[in-house]
Structure formats: structure tokens, C-alpha cells
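Colleague: Chain by chain, the residues:
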Amino acid sequence: MIIDHPLFGPRDASEFVYLGDASLMDRPDWKSETAAQDFHAYAYLRDNPAGPHRELWFHEGGDRSWLVITRDTVTHEITRVELARDVARKQRAPQ
Amino acid sequence: MKDTSAEGDVRQIEPASPGQPNRLPGGRLDRATTLPFTFDGKAYSGHPGDTLASALLANGVRLMGRSFKYHRPRGPLTAGSEEPNALVELRSGARREPNTRATTAELYHGLVATSQNRWPSLRFDAMAINDRLSPFLTAGFYYKTFMWPASFWEKLYEPIIRRAAGLGALSMKPDPDEYDKGFKHCDLLVIGSGPAGMMAALTAGRSGADVILADEDFEMGGRLLSETFSIADQSGADWAAQTVAELSSLPNVRLMPRTTIIGAFDHGIYGAVERLGDHLAQPAQGTPRQVLWRLTTKRTILAAGATERPIVFNNNDRPGIMGAAALRTYANRFAVTAAPRVAIFTCNDDGHRSAADLHAKGVKIAAVIDTRPDAPRATDYEVLAGAKVTDTRGRLGLTFAEIALADGAARTIEVGALGMAGGWNPNVHLTCHQRGRPVWDDAIAAFVPGGTLPPGMVVAGAAAGALSTHGALSQGAEAASAAVSELGNRTDPDNLPEAEDAPVAQTPFWYVTGADRAWLDQQNDVTVKDVKLSHREGFRAVEHLKRYTTLGMATDQGKTSNMAGLAIMAELAGKTIPGLGTTMFRPPYTPVPIATFAGRIKGRAFHPTRLTPSHYWAKEQGAVFVEVGNWLRAQWFPEPGETHWRQSVDREVAATRASVGICDCTTLGKIDVQGTDAAVFLNLIYANGFAKLPVGRVRYGLMLREDGIALDDGTAARLAEDHFIVTTTTANAGKVYQHMEFVRQCLVPDLDVQLISTTEAWAQYAVAGPNSRALLRKVVDPAFDISNEGFPFMACGEVTICGGLRARLFRISFSGELAYELAVPARYGDALMRRLMAAGQDFDVTPYGTEALGVMRIEKGHVAGNELNGTTTAANLGLGRMVSKKKDCIGSILSERDGLNAPDDLRLVGLKPVDPSAKITAGGHLMATDGPVDAAHDQGYVTSAAFSPTMGSMIGLAFLRRGADRLGERLRLVSPLTDLTVEVEICSAHFVDPEGVRLRA
Chain V
82 MIIDHPLFGP RDASEFVYLG DASLMDRPDW KSETAAQDFH AYAYLRDNPA
132 GPHRELWFHE GGDRSWLVIT RDTVTHEITR VELARDVARK QRAPQ
Chain G
371 MKDTSAEGDV RQIEPASPGQ PNRLPGGRLD RATTLPFTFD GKAYSGHPGD
421 TLASALLANG VRLMGRSFKY HRPRGPLTAG SEEPNALVEL RSGARREPNT
471 RATTAELYHG LVATSQNRWP SLRFDAMAIN DRLSPFLTAG FYYKTFMWPA
521 SFWEKLYEPI IRRAAGLGAL SMKPDPDEYD KGFKHCDLLV IGSGPAGMMA
571 ALTAGRSGAD VILADEDFEM GGRLLSETFS IADQSGADWA AQTVAELSSL
621 PNVRLMPRTT IIGAFDHGIY GAVERLGDHL AQPAQGTPRQ VLWRLTTKRT
671 ILAAGATERP IVFNNNDRPG IMGAAALRTY ANRFAVTAAP RVAIFTCNDD
721 GHRSAADLHA KGVKIAAVID TRPDAPRATD YEVLAGAKVT DTRGRLGLTF
771 AEIALADGAA RTIEVGALGM AGGWNPNVHL TCHQRGRPVW DDAIAAFVPG
821 GTLPPGMVVA GAAAGALSTH GALSQGAEAA SAAVSELGNR TDPDNLPEAE
871 DAPVAQTPFW YVTGADRAWL DQQNDVTVKD VKLSHREGFR AVEHLKRYTT
921 LGMATDQGKT SNMAGLAIMA ELAGKTIPGL GTTMFRPPYT PVPIATFAGR
971 IKGRAFHPTR LTPSHYWAKE QGAVFVEVGN WLRAQWFPEP GETHWRQSVD
1021 REVAATRASV GICDCTTLGK IDVQGTDAAV FLNLIYANGF AKLPVGRVRY
1071 GLMLREDGIA LDDGTAARLA EDHFIVTTTT ANAGKVYQHM EFVRQCLVPD
1121 LDVQLISTTE AWAQYAVAGP NSRALLRKVV DPAFDISNEG FPFMACGEVT
1171 ICGGLRARLF RISFSGELAY ELAVPARYGD ALMRRLMAAG QDFDVTPYGT
1221 EALGVMRIEK GHVAGNELNG TTTAANLGLG RMVSKKKDCI GSILSERDGL
1271 NAPDDLRLVG LKPVDPSAKI TAGGHLMATD GPVDAAHDQG YVTSAAFSPT
1321 MGSMIGLAFL RRGADRLGER LRLVSPLTDL TVEVEICSAH FVDPEGVRLR
1371 A
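In order, the protein sequences belong to chains V and G. Residues 82 to 176 in our numbering are what the first sequence lists, from first letter to last. Residues 371 to 1371 in our numbering are what the second sequence lists, from first letter to last.
It is worth saying that the hints were derived from the structure and are not from the lab. There may be inaccurate statements among the hints.
Stated by the list, open to error - Derived DEER-like restraints, expressed as beta-carbon distance ranges:
| # | chain 1 | residue 1 | chain 2 | residue 2 | range |
| --- | --- | --- | --- | --- | --- |
| 1 | G | E913 | V | Q118 | 39 to 45 angstroms |
| 2 | G | G1269 | V | P91 | 41 to 47 angstroms |
| 3 | G | L981 | V | R145 | 38 to 44 angstroms |
| 4 | G | A539 | V | R145 | 24 to 30 angstroms |
| 5 | G | W489 | V | D85 | 53 to 59 angstroms |
| 6 | V | R145 | G | H555 | 50 to 56 angstroms |
| 7 | G | A1306 | V | R145 | 45 to 51 angstroms |
| 8 | G | S462 | V | S95 | 33 to 39 angstroms |
| 9 | G | K1105 | V | Q118 | 48 to 54 angstroms |
| 10 | G | K989 | V | S95 | 29 to 35 angstroms |
| 11 | G | G992 | V | R145 | 52 to 58 angstroms |
Keep in mind it's a predicted model, so treat the numbers as computed, not measured. Where a beta carbon is used, it is the ideal one built from N, C-alpha and C, also for glycine.
Let the hints inform the model, and build the full structure from the sequences given.
Modeller: This is the structure we're talking about:
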């Protein structure tokens, strides 16, 4: 596979390691009333789509950036690659 | 050639090469050169351009191997890489290479080949008894017979079966040759150099695109080399040679003969194996034998051609029975016939071409047996229309074929070779490597590429079902034009050379009615009878059929056998072939040696080791090393007279506790954390608090995973308000760094904090023991106060040593003694070790290794990897109170789950044997002093154990249910694996200095 890194361009997938569902970025609020349930869902419950999937990859053999990659789990086609940090900042930006 | 037909029924072939009775005129051989070779110790000769199979056939050798299960005599079925039968051991000694296909092995001077899977000899194989036992050895035989007792499988059945059924044997010696890996990029990859591939490469090459043309054969041209067709006004082979010459002149085209494309992978990546040295006795100096290429392509044209399918009839596997087109290849390209007298069994016009070509070369055609009543006539030989071959004879090779004529009469003809022409199957294999699913084409009664092909791939020529030369040329040109224009290149207007365009219709004829002991898969010895049995026993789905009978599961992936098997099952099940479906083909297209996948990554390179800064010093001391992660660490330092490792380790422990010892702890992970939010960040990473850690102080920290299980432990030292140094365990250095980057980038992207791993940048030594301060006083520059008051337990700071070298000093202790860790830039690590050892002479300083380190940490009750084993919580470790409830941290919420906080949870305890001479082993389990020993009565397990020279007995750390409340209790430690039962007493995990007086001294 080839991953089109936002800063370095196309790189071989062997430079990266896979973590999993990008929902791991949506860590619940520890102070919430429902924190126990929220963290349980966060840690254990995942969608397993046949189709586009947003997932986290780590550029371990490169710049050590975490990436959010949109990959089709059926075709392995990669349609989008973003720096996780940018995604996280956007999620946190006031609406 | 003179007409010798009057000399009798068997026409004599004029030997074109002395000693090669079956050699024909013509062919693509260099006859000026004779290559001697041996097979099973007997000497033969051939010519450059031969394969081992063609040379053996030329020498009159049809018998080349024994079959996998029944040990039936076998010869080549094909003339290419789809060969199931003619597998030999090539070369000798360490270069011996089992299961090499004689049909693709290029002949070279002095080649040595040996037959395999036979005993004592190829002509007399005692294991052929299996053939007589065949009624018992049907599909599913192993599954049904060797079921119980289970322990017999490993000890008895498997070794016997392995000896009786099998292929070649490994040399069991290291491969002396080099293998390599490489990467290439191109606009267009063309797979196969037959007419379609050649035309595609030419069209794209002329447009200026970057083209790679790869073919598994040693000569480019594909089927053109085997046919007598002409292209334009020259022979197909001459056109191929001329085209290769033009392609070679184009700088943008790379020709890769002897290169098999083994797989189509994601994003336009193809795997290729290039054989640079297989056609030589040994590879040229400095040249790898094979190279595994990763080809990154924008477009790909698959022009892999087609494979001729055999016809199934009784005893259709005798040496001499082969594909009719293979006979044609042997005659036209290799100038050889399998026998002087040949018959052809066909169901289509292609079989007649083989007959005509063989006849033209002077081979006697005994008959063409055509299943079609309206078979075309021939003037040069007899055509038996509407006839079928029903059986054959000949123990070690074909002698007679029995024929049922159209009128039902039987006839026996004497032949040494029989060609089977069952039609052609497009080579769709690479289209299936991702999501392609072949579809049935009624016009040619075969599967053609279908479904979603690998992105960027187009199929052309016979592989796409275009079985005429013109069809191949035009599809190749069209596919290439389309591919390069998509990439922005322009192609010349069509100037396709003229070629035959005979309409190709294939009438399927799979097997002769009544066939039973008739082979489908010759490599795995699967017969028609097996498929019938599979149907009767309910294994009817195509994937079940495959696994129950092993049809198509051999190294050839059923290239010549799957279709007939499917056809028979479809007929039994009352379905059509497409209704039954087809099995998938997976990479690699042909078998690839493990050595090729390994490339240079073998031996030391397979498992690289990292050396500590004191490595060469330790080596000079005669240290024994151990691998920790990728590091080589000194395990202990034997002294003269010490004959057992325990002597060395006990001495190192005692000397450290009595005076001072030094240990290289560079391998512990070091992560530099900087930024105004560094403390906030560490507060989130660690279970315990770090926000209030003063500058110049170190704190022990425990990291949890989000699920509440302990991840790692270590220390964090605050060198400045915005600067911490985090240490991790050696094994987890990479994992913890990755975790911290995840938290930083994905969870707290707005914090001002930066991370970098500095594990390799700093050499670090533990200096431990009551004299450690006195020793350090001799190297730390006097300006720095390291007195107990000025630099107390858990202090840290930047200092200079040895007159100005910058260093970092941490007063931390893993051993429980007064201890420090001193870090210097890695390049000074060796010098510092030597300096410390010299300076410590007054104190009898002792270097200690990882064993003594481990003993001292067990004596002190410190947890390590054995306790942080991925199943334990902070509470299990006795560190539950460290998990702060006043702040958020990774793992905090889920660590509170009921399941992780049961009243009878495991707690870390120490244990010692009641009899001080008794043994304690890690991995043993704790049971009540009497009662049953089983999982239901399990109360805990031992994680670490060592002989403690301080306590004078073995001691252990264990996780025990309600362990904190059970100090003083006696339990039974059992290890059924090592047959150990020992009575132990539960105690505090802190065996040495539980109050921590020493480390604060």
C-alpha cells in the first residue's frame, strides 16, 4: 500500500504502524455523570464497516506523526490522509 | 529430412545430436555447444536453449519423478511453469533445491539433478505399494483414519505419512547464495511477452512511457517461440526477436526475462522474482541468485497467456502422456519429441495443429483421436473421428493407448507419447489476487477475467480469452494505447502486423465416461474417484471439494487440474460450471523460495542487535551477554575460578550491597518532554500526579492503558519547569513513546509540549551501594554538592564531571541501596565506564549485569516486566493508591470497574520456601497446603524468582488472592510442568531494607 502523507507525499505503508478506528480520538469527559459507560464504549465498542473507514496510523519510520486515514476496508483504496493533530484541533475548535 | 516412413511402423528420427535419440531438427538451440549433465547419476547431454525436461526427453528419458501419494511413475505434463509432475532436486550439497520443475530449469554445463520421493530408486520405488492400496487412500483418508488417540498424531502418524507421501528434501545446510530485494517504478508493467505483451510493450515503449516487460521464461516471445505461425512476413519467433531488439534499444523500456510476477497487491504494487543465477551452476561473483522486486506501477497489462487443459481418462498420468501443445512446444522450440511415435487426443482444432507440427518435424503420428464426429480430415495421418482414449498401458512409461472408436469397436495403438488437447484456459490468476472473480465465457468454455480487477490492470490476449494471434496483437496494442493516453502519452496510429485470425471455438470435453482411476490433479494425486466420493459425502461446494480432496492445493495451485474437477463436480451436482463457481488463486503465482523473501535479512541482519556504550569494555571483561529487546546487555561478569553463573551473580550482588557496583542502564527508554504544558501532559499520562513535582526532583510513575491495566513504569525527572525526562522499561521504550505521541497529537493537540526519544543519545550507568556517593565524589566536579543534604534521595540535576563534561545525575535506586544514575552524552559512555571502574578501585567496585540487577530488584520487591505483564492493574501491583482520583489520567475511569476491584483480587506478595534449600520457580501456581491441585483451587502465581544471596535462600514475587491480608500464611507452590511441589511462606515483597533506610542514607 501507498500512503500519501500530507507533508511527505506518497510513502510505502511499511513505514507506518496501524492503531485502529479514529474514534479513539474522541476521548470522553472523565467528569461526566456517565463517564464509566462512556469510557467503556470508547475503549471497547467499534464499528466494523465494510467500506470507508477512518483510522489512525502512526508514521513510526518517518516523522512520528499520527495520521487519520480514510480507507475503504473492502478495496483498500485510500481517499483521504490528514494529520491527526489537525483533525483533533478542528474537533476541539468552538463551533 | 529423408523420408523414413518405409522403415516400419516406428519412423526413425535422424539423430540431430549424437546420443540424443529424440532430438529433432530446428528449434531454438545453440547446437554448436554441448552441455553435459547428470540425472540420478547418469550422464546425458543437451544444448543451450534446453530445459532439463527437454534435454531429458531428447535423451529418451520420460520418467522423471514419482507422484506425491501413490508413487506413480511420472514424466512432464507440460513445457512450462504450470508443471505438476516433473519435480526434481536440482544441484547438490548446500545448493540442493528440492521440487524444482524440470520444465523450467534451464540447462547449464554440469547440471546435477536427482529424482525425489522414491526409494530405493526411481525405476523401482518400494513405496509404489501405495498405488495398490489406493482403494484405502481415497479423499479424506487421513481425516478419517488418523483421528485417535490424538497423541499418536505427532509421534506416529505424521512422521510415517511424511516419509511416505511427499516431495523433495531440504539440504539442511545454510544457503550459500545471496538474495536481494529491490524497488522499481514504472508507468506501465506488461506481464508476459507473448504476442499481446510484446505488442503492448512496443506500443507503449514507442510512446515514450516508462515500461517494464516481464516474463518468467528465459527467452522472450511466449507462445510465439512454440508456434509455426507467421507475423507479417516473418516467423513469429523472428518477429519476437526483432521486437525484443527494438525494445532493448528504447531507454524507457526495461526487459525483465526470467522474472515471474508473483502477486498483484494494493495500490498498483506487484511482486516480482527475478532469477539472475538459477541458470548457472552458481551465481556470478557479487550477483544475487534471485531478486525480489516490488514494482510500483501506474498501469498494468496482464498478458499472461493461457494454459492448455488435459483430458481425463483412465491411467492418464503415465510418462509420455502430456499436453498436445506441450508436445508442440518441445518439437518447435526445443527440437525434441517425447517419443518417436505419437498420438494426439483432442476435442478441438488445436490438437490437429500439434499433430501437423510434429508430423512436419518428422515424428510419426500414429493417430489423431478426435472426440468430435465431424473432426477435420488429414492426409498425412489417420484421424479417428468420434473416438476416445479409454485407457493406457506401460509400467514406467506409455506403451499402448486403448481407444474406443466411434462405432464402439476397441482398438489398441502402440505409442510412446500421447498429447491431450482439451482446449485452453486463460491465465486469470493475477486478476484474482484482489477482488477479481472470473466469469464463464461460453464461446471458449472457460473462465475469463471478471469482477473488479486490481485497479489499473487491463487484461489482453489469450489471458482475456482472445486465443488467436491477431486477437492477441490487437488487444495488446489497444490496451497499451489506452493506458499511455490516460497517462498523457500519445501512441502512433495503428500499424498492427498481420497475423492469423482463425476463429477459435472450444467445445468442452472434460473426461471420458467411465474414467475413475483417472487423474485430475497429478501433483496431489487426486482422481475422478475422489471427486465422486467427495460428492457422495456431501463436500459439494467448490471450496469444500478443494479441501476434502486437496484438488488444486499443490504448489501448482491446480493450473492444469481445477477445471476438470469443477466440471465433474458440476455434472454430479446437476449444475453448470459457472453455477458451481471457481476457487480463487492467491499469490504467489509460482512457488518462491523462502530465501528470496528473506533477501539480505538473514542471520544477524534478520535480528539486528543494539550495543550499549560499554559493550566493548564489557566484552574485554569477558562478560556474558543476553538479548533484551534488540539490545545486547551484559548478563554477568565471570571472574577467574567461577564455574557457574550463580557464583558470579551472587558475588556481584554481595559486592554491590557491601560496597559499590556499576551497571549499564542505557537501554532503558528515555523520552525528553519539553514545553510550558509538560507537567500538565505528564499528569494525563501517569496515573499519579506530576504537576507539583518540584524542579530538581524525580518521581516514580505508573502508566496505565485506557482499559485500566498497567502499561509501563519508570521515573520522570524534572530538570526545569518546562523540562522532564521520562524513563521507560527497555522493552516498552518504543511502545510508550508511540502512546505518548498519540496522547499529545490526538487527545491534547493544543498543549505546548514536545517529545523526543533520547534513549540512544545518553549513556547511563547505575552506581549502587553504600560507597556509591564516595565513588561519584571522585568524578563529579567539586562545584556540585552531592551530599545527602545537598542531593537527597530522588534528587536530580545537571552537573559536570571529570573536569567539565556535561552530565545528568539522578539519585534513584532500583537495587534498594544508596544509588545514583549518571548519564553522559553517548559518545562518552565507554570512557565514563572505564573512568568509574578506575576511580572505584579503592572501593573494590564491581560491575554487575542484568542477573544481579534482577536479583536485587526482587529482593527489594520492585516490579518489572514479569509483573507488568499486560493483565495486572495498579491495585494488583500494590500501587492502587497511586492512581489519583483528583485528576484525569489515561486509564483512571476504567481502572475503577468492579471486575478490576473484586475483594479477592490478586495482590503482589513475596514468598520464601519453608525449607531454605527448596526451589522456587516463576510460573508456578499457589494452592492450599493440601487439597486438589487444579485451576479451580488456584490462588495465584509466581512471576519472578531468584536465589537471594542476602536472604540465603530462593525468594519469589507472586500475585496472590487477597495477598495483602495473608502475610505469614503457608501455601503450596506447584509447577506440574517442572514436577515441583514446595511449601512456601507468604511475606512482604520487600525482602531487603523494607523501611528504605539505605537508599536515603
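Colleague: None of the hints should be skipped; say for each whether it holds.
Modeller: Now the hints, each set against the structure:
Between G/E913 and V/Q118, the C-beta spacing of about 42 angstroms keeps the proposed range 39 to 45 angstroms intact. Taking the beta carbon of each, G/G1269 and V/P91 are about 45 angstroms apart, inside 41 to 47 angstroms as hinted. In this structure, G/L981 and V/R145 break the distance hint of 38 to 44 angstroms, their C-beta atoms being roughly 24 angstroms apart. Judged by the Cβ atoms, the range 24 to 30 angstroms given for G/A539 and V/R145 is violated: they are separated by roughly 47 angstroms.
A C-beta distance of roughly 57 angstroms is found between G/W489 and V/D85, which places it inside the suggested range of 53 to 59 angstroms. For the hinted restraint 50 to 56 angstroms between V/R145 and G/H555, the CB-CB distance of approximately 26 angstroms leaves it violated. Range check, G/A1306 to V/R145: about 48 angstroms between beta-carbon atoms, so the 45 to 51 angstroms window is met. Between G/S462 and V/S95, the C-beta spacing of about 37 angstroms keeps the proposed range 33 to 39 angstroms intact.
At about 28 angstroms, the CB distance of G/K1105 to V/Q118 disagrees with the hint of 48 to 54 angstroms. A hinted range of 29 to 35 angstroms for the beta carbons of G/K989 and V/S95 is consistent with their spacing of about 34 angstroms. Between G/G992 and V/R145, the C-beta spacing of about 39 angstroms breaks the proposed range 52 to 58 angstroms.
Checked against the numbered hints above, the structure violates hints 3, 4, 6, 9 and 11; every other hint is satisfied.
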